[in-house]
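A.B. asks: The whole structure should be built from the sequences, with the hints applied where relevant.
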Amino acid sequence: IQEFIPHGASDIRAFVLGDRVIASMRRVGGGWKTNVARGATPTPCDLPEDYEGLAVRAARLVGCEMAGVDILEGPDGPLVVEINSQPGWRGLQSTTKVDIAREIAGFIVGKASRLSRKEG
7 IQEFIPHGAS DIRAFVLGDR VIASMRRVGG GWKTNVARGA TPTPCDLPED YEGLAVRAAR
67 LVGCEMAGVD ILEGPDGPLV VEINSQPGWR GLQSTTKVDI AREIAGFIVG KASRLSRKEG
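Numbering (the numbering used here), first residue to last: 7 to 126.
In case anyone wonders, no lab produced these hints; they're calculated from the structure.
The structure presented is a predicted model; accordingly, all values stated were derived computationally and were not measured.
For every residue, glycine included, the Cβ atom is placed at its ideal position computed from N, Cα and C.
Don't take each hint at face value.
Computed spacing ranges between beta-carbons, pair by pair [claimed, not checked]: (1) 34 with 113: 27 to 33 Å; (2) 34 with 121: 18 to 24 Å; (3) 81 with 112: 36 to 42 Å; (4) 90 with 55: 20 to 26 Å; (5) 122 with 49: 18 to 24 Å; (6) 105 with 59: 23 to 29 Å; (7) 47 with 116: 30 to 36 Å; (8) 84 with 125: 37 to 43 Å; (9) 107 with 10: 47 to 53 Å; (10) 49 with 91: 23 to 29 Å; (11) 103 with 24: 17 to 23 Å.
C.D. replies: Here is the structure:
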């Protein structure tokens, strides 16, 4: 059982890649569920700096270099409610000019290059 957190029928998805958030969106639903797959509307969202830090720390705590971090804005401030290690980004891509697939590919290529130099 999880405590219900009043959140105004919206939440924030922050897409973490490495040590930064590359894109974020607000998901607005008709009720307490705010999944885009369940009909919520993705809208652009400029993530406050403290939310970005929260998302990056949350992903790092569970060992994810790529994660979709879901944040509720509750009455006592932001709360991380879910960390997705294999996040989808279809809804998110519609709200940002960032080419998310390109960012992910660049991150992987850069990491592979650093690892091969380390081992070589």
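A.B. asks: It remains to establish, for every hint, whether it holds in the given structure.
C.D. replies: Results for each hint:
At roughly 29 Å, the beta-carbon separation of residue 34 and residue 113 lies within the given 27 to 33 Å, and the hint holds. Restraint check, residue 34 to residue 121: a C-beta distance of roughly 40 Å breaks the suggested window 18 to 24 Å. Checked against the hint of 36 to 42 Å, the pair residue 81 and residue 112 passes, with Cβ atoms roughly 39 Å apart. Evaluation of the 20 to 26 Å hint for residue 90 and residue 55 yields a pass: the beta carbon distance comes to about 22 Å.
Evaluation of the 18 to 24 Å hint for residue 122 and residue 49 yields a failure: the beta carbon distance comes to about 40 Å. Between residue 105 and residue 59 the C-beta distance comes to about 24 Å, which sits within the given range of 23 to 29 Å. Look at residue 47 against residue 116: about 34 Å separates their beta carbons, and that is inside 30 to 36 Å. Under the hint 37 to 43 Å, the C-beta atoms of residue 84 and residue 125, about 39 Å apart, fit the expected range.
Range check, residue 107 to residue 10: Cβ separation about 35 Å, and the 47 to 53 Å hint is violated. A hinted range of 23 to 29 Å holds for the C-beta pair residue 49 and residue 91, which are about 24 Å apart. Checking the proposed 17 to 23 Å range against residue 103 and residue 24 shows it holds: the Cβ atoms sit about 19 Å from each other.
Hint check: violations occur at hints 2, 5 and 9; the rest are consistent with the structure.
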